[in-house]
Amino acid sequence: MQRIYVHPLPVRIWHWINALGFVSMIVTGFQIRYIGLIDLMSFRTAVVVHDWIGFVLIGNFFIWLLFYLFSDKIRVYHPELSPMKHFRASFRQAMYYGYGIFKGEPNPHHVSVYEKFNSMQSMSYQVIMLLLVPIQFWTGVLLWDVKRFSGMIDLLGGVRVVDTAHVLIFIFFSGFIFMHIYLATLGHTRMAHIESMFTGYEEIEEEHGDAR
Amino acid sequence: MGGSRKVGAAASAAFHTDLMIAAWLAIALAMLAVTSMSARAADSALSQLDQQCLACHSAKGLEMKLADGDKISLQVDGAAFAKSVHSKIGCAVCHASTSFENHPPIKTKIAGSRAYSIERTKVCDTCHAAISKLYEGSIHASLFRDGNTWAPVCTDCHSPHAVKAKAAYEASTGAPCSKCHDPIFKAYASSVHGQATLACSSCHNAHDVSPATTGDQLKNACLGCHQDVLAAHQKWLPNAKQHFDAVSCPACHSPAAKRKVDLRLYDNVAQERVAEKEGVPEFESRVRSVDAKGAGLDAMALHSLLRGFNREGIDNKTTLRGRLEVSTGVEAHQLTRSAQAIRDCAKCHQQGADPFQSVTVSIVGPDGRPVRAGAKPEVLNSMISVDSVGGFYAIGGTRIKLLDWLLALAVLGGIGAPLGHMTVRWLFKKYAKRIGGKEDS
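First to last, the sequence lines map onto chains A and B.
Position one of the first sequence corresponds to residue 0 (numbering that gives the first Met the number 0), numbered consecutively onward.
Position one of the second sequence corresponds to residue 0 (numbering that gives the first Met the number 0), numbered consecutively onward.
Treat the hints with care, since some could be wrong.
[As the list claims (entries may be wrong)] Straight line, CA to CA, 30 Å or less: simulated DSSO-like cross-link-like pairs of lysine-lysine: (1) A/Lys-102 - B/Lys-185; (2) A/Lys-146 - B/Lys-316; (3) A/Lys-146 - B/Lys-218; (4) B/Lys-178 - B/Lys-82; (5) A/Lys-146 - B/Lys-240; (6) A/Lys-146 - B/Lys-259; (7) A/Lys-146 - B/Lys-178; (8) A/Lys-146 - B/Lys-375.
[Said to hold, decoys possible] Some, not all, of what chain A presents toward chain B, calculated at C-beta under 7 Å: (9) Met-0; (10) Arg-2; (11) Tyr-4; (12) Arg-32; (13) Met-40; (14) Phe-42; (15) Val-46; (16) Phe-101; (17) Gly-156; (18) Gly-157; (19) Asp-162; (20) Ala-164; (21) Ile-170; (22) Ser-173.
Hints are computed from structural coordinates only; laboratory data are not their basis.
Don't be surprised by glycine CBs; every beta carbon is placed ideally from N, CA and C.
Isolated chain A, as found in the complex (with noise of 0.2 Å):
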């Protein structure tokens, strides 16, 4: 069993805190689109601890970006610019989670300090973080002070329409999370890629090691 450092401390950082945020931004997100359903807290006490930790995730991606831009780890998120090598390398990935999983064949993807990511992963977080996650801060500061932003708001087409991407990409989310929670568990142990998070430290076997 080797151990390998694929999670810098700024990396682990600023995932632990998104993970908290997210989590309380999709919650207080339910509670402010479906009052009267959900009553976990105040229309306005959920409104504004959306904004107030929308700000601070705000902060934190900025952690993960200037990480990743001083550091040459940012090698993880390099896009493999073979349309070709790319796609069979995701097909491989797909077929091992849809099939060769369950018959216990190894991962094909094998983590290394500079390919964290499989193939399907690389693809996802590329759009995840550099978009979605984008997207969501923009149109939240938006709707945050819809008159402070109403010229940009009406230029994007009025307020339905930067609300409706942000519910979008909400959506998304709500059901990634789950996924994302699960995908942790199927390292060589269910904690192996949970506990990796914590120590910085993935330990590879020759025929396992998976996705976060």
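On the provided structure of chain A, position chain B as indicated by the hints.
Quick look at chain B alone, frame taken from chain A:
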């Protein structure tokens, strides 16, 4: 001797009787003089010429028959006129065309009392040109120009021979506004402002009265007195400025009122509400063309209506901006103390909230008042509304149903897919040996 004493006694008795009668007469005359003097005392402020006019025109029942068969009273209450602000200028200034030579002017018969009131406004204009200009921009003047026979002109509000100083208007009676707007005044009288005896003109202005639901005059009237109100709202109300824009003050401060949403056609280039072009009203015909049955605009019809307005010229020039307001003018005047105002966000921000059950679409009509068309509440919850009602959204209250289904699907998928995957893994593990695979760790 005895006979002469008898005659003397009789003469004396007659003398006493005459004296008594004379005394009573003197007292009666004196009382009459005092009454008459006090009656004339008020008139004494008037010039001799005015008093000469009043000598005839104070007579009760003095009236003139008009061409339309109606009658106009010619009686002037001298005392009231003496107290009026016009007493200083006297009768002749306003009635300059009348002189002893041509009086009474019977050559041309006055058409009717309304026609006479309208004709007399020219006389008012000669001194009150600035006020007349304010009136010209008012909803009252718009209605008058449109031929509304109830639209007030000067003398409908200002009793011509008893014009009071501005400060003397009695806020507690609502006069003269209550003459036409009595139901509104009754509602207002018991409101927080009515009890504080604020006059109607405090909010609506006296002469440049604008339509209540167009323009910002009324909102500005609220903010004119309640200057720190935005800061007070910002302390507890998220997006307070947006609420100030999209929600009328009475929508929360008249808590018993029924609320509704008015979707207003808005010109994004001119940055103002779309108004009917002078002389070519098109809104109602456009509404009929997309909602022939008059059942209320549905989401598609509303989308088509908007497309119709955008057909010529710049794309997306015309959009819809919503405003939450109270249903009637009466309800708009039932303002309560701020402690009783709606502070519960859930009153609006939840599915099925009452303000979103009544929807209208409006344009500014030729007289400045909104012209409205009914719309179905579904226009606020339809996916099509993302495009057509992009400018109005109340979180929770007007949410799009399709997105609710998508969310349910995402959550069920997010939970269901791992559960399914786990189940298949468990089944494979259980039957691994039979199908020739390895046991999963």
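Mind listing which of the numbered hints don't hold for this structure, in increasing order?
Numbers 1, 7, 9, 10, 11, 13 and 20 - these are the hints that the structure violates, sorted from lowest upward.
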